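These protein sequence lines map, in sequence, to chains A and B. If you're matching positions, the first sequence starts at 457 in my numbering and goes up one per residue. If you're matching positions, the second sequence starts at 768 in my numbering and goes up one per residue.
Worth double-checking, as some hints may not be accurate.
As the list claims (entries may be wrong) - Distance windows between CB atoms, simulated:
#: 1; chain 1: A; residue 1: Ala749; chain 2: B; residue 2: Ala1017; range: 19 to 27 Å
#: 2; chain 1: A; residue 1: Leu574; chain 2: B; residue 2: Pro786; range: 26 to 34 Å
#: 3; chain 1: B; residue 1: Ala936; chain 2: A; residue 2: Gln671; range: 21 to 29 Å
#: 4; chain 1: A; residue 1: Leu574; chain 2: B; residue 2: Leu1128; range: 19 to 27 Å
#: 5; chain 1: A; residue 1: Ala513; chain 2: B; residue 2: Pro1052; range: 23 to 31 Å
#: 6; chain 1: A; residue 1: Ser734; chain 2: B; residue 2: Ala790; range: 30 to 38 Å
#: 7; chain 1: A; residue 1: Ala617; chain 2: B; residue 2: Pro1039; range: 31 to 39 Å
#: 8; chain 1: B; residue 1: Thr917; chain 2: A; residue 2: Asp561; range: 50 to 58 Å
#: 9; chain 1: B; residue 1: Leu1128; chain 2: A; residue 2: Ala749; range: 48 to 56 Å
#: 10; chain 1: B; residue 1: Ala1129; chain 2: A; residue 2: Ala513; range: 18 to 26 Å
The set of hints was computed from the structure by calculation and includes no laboratory data. If you're wondering where the values come from, they're calculated on a predicted model, not measured in any experiment. Idealized CB from N, CA, C, for every residue including glycine.
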Amino acid sequence: MTGWDRDGAVVTQRRALSSPGDAAEVPGVDLPTSMGEWLARLGLLEAVPFDYLVPDARMLPFDSMRFFYVDRNWIDALIDGAFAIGKQSSRDALHHEAHAVAIRDTGDRASSAARAVLRGVAAAVDTPPPDAIMTGLVMRSSVVSGYPGLEIRAYTDSTRATRVRLLRLDRVAPDVLFVLFDGVPALVDVCEPPEGLHFGAVRTDSGPETADKYQVMLRWVDTKTGPQPHASGDQVKEGCGKAVPVDVPLRSGGNRVVDVAALQRALGDALTVRGGASGPLPPKDMAIEMVMAAERLTFKTERAGLLADSTSDA
Amino acid sequence: MTLATDPRGTIEFSDNALPVVEAGEYTVTASQTVAEAKSGSTFASYPDSQRIRVDAPRFVLGSGDLYSMYPPPNHQDRFDQTLPHVVLGRPTIPWERKVDPTDPTVPWLALLVFDDRPVATTRSLNEVLQPESGVCGPKVTPESWEKDATCVAIDVDAVLFAAIAPKRADLPLLAHVRIVDTEHKEIAGVVDGCFSVVVANRFPAPNGTTTVHLVSLEGMVDALPGGPGIGTATTVRLVSLASWTFVSIAVGRGFARIVGDMGANASLLALPTEMQPSGDAPPAPMVRAAFGRGYTMLAHSLRSGDTTASWYRGPLAAVPTKREFLTPYHSAAQATVYDSETGLFDESYAAAWQIGRLLALADGRFPTDLLAWRAAGHELVDLVNERLNLFAKYRHVLDLPSDPSALAGPDLPHLAALGAVADALVALAGGQMAVSDPAADRPKVPRPQRRRGAKARP
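Looking at chain B on its own, in the form it has when it is part of the complex (with noise of 0.2 Å):
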């Protein structure tokens, strides 16, 4: 199966999506009035009101919210001359709170590039919103249900805050959407493609160590700087949502050259030939050619409670492989293979055949689908095995037409339909029902055979 469409894909900016509607309280108020037809006189009125409530992050993020930062955390690379940004789930959220009460384009969230790290604390709202003097904290009015809640804070100085923080005419440009398709990526959540992105207004230093927050503007327009200005305080204190730290270095690698060195050396999934797998001796060139084609050799504690070693490749094979139609197997010892060349077993399928009795014991649905679904197999099998026996003793009393099929009667429409089933059946009780007796009490339940032998069939 395959698709074409442009292979350089596209990516889709935007400057901003706004909120439909605000974070905040609100009432739904619906009124019906009832009035006579004629007239047009009212004379009932029905009004009602709903109080709801829309929730936006404010001082902590909500899990999903943040998609990805880069430079990648923990990271060390040349990042000297990249803007640091972050990218959110959804993409309305740099838009979701305000700075400015008069534009809702100004985003509330920025990044902030520090040298050196500043502190984190957990704080109590209170102490963020009301700080001590010679502090200045965003003027924000917390909402009834918020006032308990604790955020971490840094404490910035003012005069590194007034020289690295974004002006209020910068903000709206240290912000975008991006629209991007998601078929070639992991779902992960995703799956619109429509992120947001807040960048970072400073480069990080050529060489260090950089912390990067992602801080809350709301209630801090005065202290921006171009600003009004916060008065005696010698500290800023900003609520940060998010913090990650990255090394920046002269000569880095990148992705490129991360991407294309393991590129260079790319090859199927195997142990390396050259590799020994015990001991000393040289791998046998039998040996060498199993691992090639994608096998291991691995401990295998027998049943007798001998131990040996084994063959064992997992799906991912080194070699096109044909598919054999071997099941179904009725033990893993079945699924076992016999390697006469090196006398050992492989016991990759055997392996399979154990691991996927395990999962489908640990699923918390399949089992109970399964045994529902064998039962009521055994039902309908019951029922026709036991129309059948009925045709064949009573067909002649009866005067019945000489072909079972006419049993298919209305009452079992599908039953030309069975297919597989019908087919085993017919295995099953086809000869039954000629040598049933038509003067006998009770129809014969035929047995089941055991019909497997050879592991493989055509």
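This is chain A alone, in the form it adopts within the complex (with noise of 0.2 Å):
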């Protein structure tokens, strides 16, 4: 190849500094793509002490839910001061200024996409409009630590229609969540963990402990269409709409131990009389007719203060 050497001449120069055609990476130009998981570390707070992120402990009583606008400014301070280790001349500041829009772009990118790519699905790959709105929300509670795997989905609108999407989800602390949405939702549920949730029975709590009694609210195990259709897991309504009880078949002895292989005849008798099973149910029937509903909590964040038009603050 023809070049130049420092002397002047017109020499042949063997000097590649990116093989011609190789789209990937360009040293010395492109962000190495090894710095967007950092980045998107830095743009969810990810390892930012939780002191700097909620300074003050009387923000966050114990029990107690906050919701948050986040300020990207804080944001770019933060991923712009590690950006500025070692520096050493304004030509580094100058390296570093050049780069700007292409670490904040590179930063938005991988933020967005990080929660995706943790759980191993497909993620979005455009970048995000710079000035997009991130709020996010802050519970510090016994039911985080007692309810691994809580739920949190955020929508829109009232309606459900449009979900917004998790940019984080964690727990930072034992009993504290700390959740980033990517946009400002309307409607917040927080929802028990499906896969925790838990066998129950309604007890008549009365009378002496021998006169224990227990009974599940009978459910439909198939899915049905016709005259009387019926998801898998409803519950199964007679007359008008009333539920039926089933008993639960306690072992003698008053130590309150269900006999199970009596609760399975139980149950799959009284779905066999009205149709929805053929006898004894298998372990996965059983354990729609034994699991208690999932609670969900659903919240307006409108009258929580977070809005999703009001006014930029100066």
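Using the supplied hints, reconstruct the complex from the two chains, each of which is provided in its own coordinate frame.
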């Protein structure tokens, strides 16, 4: 190849900065791809000491839930500080300045995709608009430690038509849950974890313990269309929408021990006479019968003061 | 970015998940035979074998095997209508060992619910498998590598065990598999959302402390109620893989009440405005307004040695903020904002910048990556710069075209795509090229100029 040497002569130079046609990173120009992960960590405030996020414990008392808007300028300053290490000359500073936009865009893109990457699902590759609003929720409560797998679902409207994507959902302390939303949710659902849904029954709590009586409300285990449509898991309704209770058989001895095999028969019989099963229920259908409905609590974020179209703070 | 799916969420139940290969030692044998193509007569055979060991939890659970338990450990609530359960991180765990060698669908794990706390002791495997007389232990033959293991064991009165332990026929009904969507939950090592669940067969006492043990029933089929019995033994010794305790009370709050109360009092993350920052004087309206925007006031030691109070707000604000693109900063001081209204500094962004530096320095990889990237950038700028100077110097001598972009020759194919770097370079070296003396001996390396002044940029 023809090139130039230091003395000005036209010489053959074999210096390849990057192989031609290689669309991958150009050394010295593009941000190394390895930095994306680091930028995502900063962009989603991972590793930032909690004191920097909530500087005063009175802002987040025990058993409280607080919404917030993310100040992107703060995160920009955080990332800027990280890129400022080892700067020795104005030339280093200029290099940083020349790449400011690239650093910002890479960070925005990596933050947006980070959760999808961690979950191993397809990630959005578009760069989100630089002025996109991020909001979030921080919750400090014993339910955070007591219910691992707690679910947070957020929607842009009260009809739950459009979902707000989660950017981050982490327990930052055993009892503190930290959530970042990609947008401003109007509705937030806090749900009991379905894999942890417990088995239970309604106890008629009167009389001595030997007189304990437990009942479960019968559910369909199949899905049917037709005159009486129902889905698996729906409660069986009779008459004017009345639920059908089934007594939980207990072993004798007053130890509150369920006679599981007898319960299997009782549930199977109750469903069979209603045409919903044939004979004893398999373990998965027993689970459907015995599981208590997941609690879902819905919050209107507007009531907490989080507004979608409020004017910006000067 | 928004997604739309079924808002109710779904959960899928399955009877069991049997492991493809049972735990134990295996020998994989392979052999290749070489035969003559025409006659088909074999003249060589190459056999080989490899011993492999398939492991599964037996006397202890692996880390991550236990995902969660309900009722939550050490919680106090109304739990008397609940059958306690554990969620296990892998779907096959309850079927990885056998209670009944003839039926692989019988899980080997069970939950025993105790009104009083049985003593859990760490014992050697020998003490568990060959207990003293009068005690019935699991009839299990340990593998050679397990012989020195220790485990946690509980001793249960045989009468109590017969009363509360599940029957053999109950066991398959007390374990199942759940498949859930993990989109809305903490990731924490669980990605596929496939869990196994083991449920107890006994309701906790309405008032009082309850202890639950996850026990192994491998080798215990005789001792189960309805089984052949354990002869004269009065105590049953069981391997306990996990245990926890909770308190059941008559009137509890429950998940819905706790979360509901929290939601009713939900607000934006800010100090309560009735809060008094210091002393007894009520806060001035200005201070209250700042609190309402999410600010706090923190003690601040200045570089001069003085101490003052400064405003601070973290990245979590109580009001929407506009992204101003204020970076890069060259020092923390540059990110400090002077609030002329209160005469105080706002150190929010300065603190962010500093913690960013500290996090970067504390990271194992980032500093090396950053310096290497910067060095590569400088190298490229040097090269381009040199090229520009040489161009100015020899343009007339060599009769080159007047456009310096011609320099983006085949050895610098990406020069035209430099973008930001090229822009900066033109800012730096553009003038330099024009004033370069064609007769000069050496190309001048231009000195970069400090260009920063004002904090805010459009």
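Legend entry - Indices of hints not satisfied (ascending): Structure breaks no hint.
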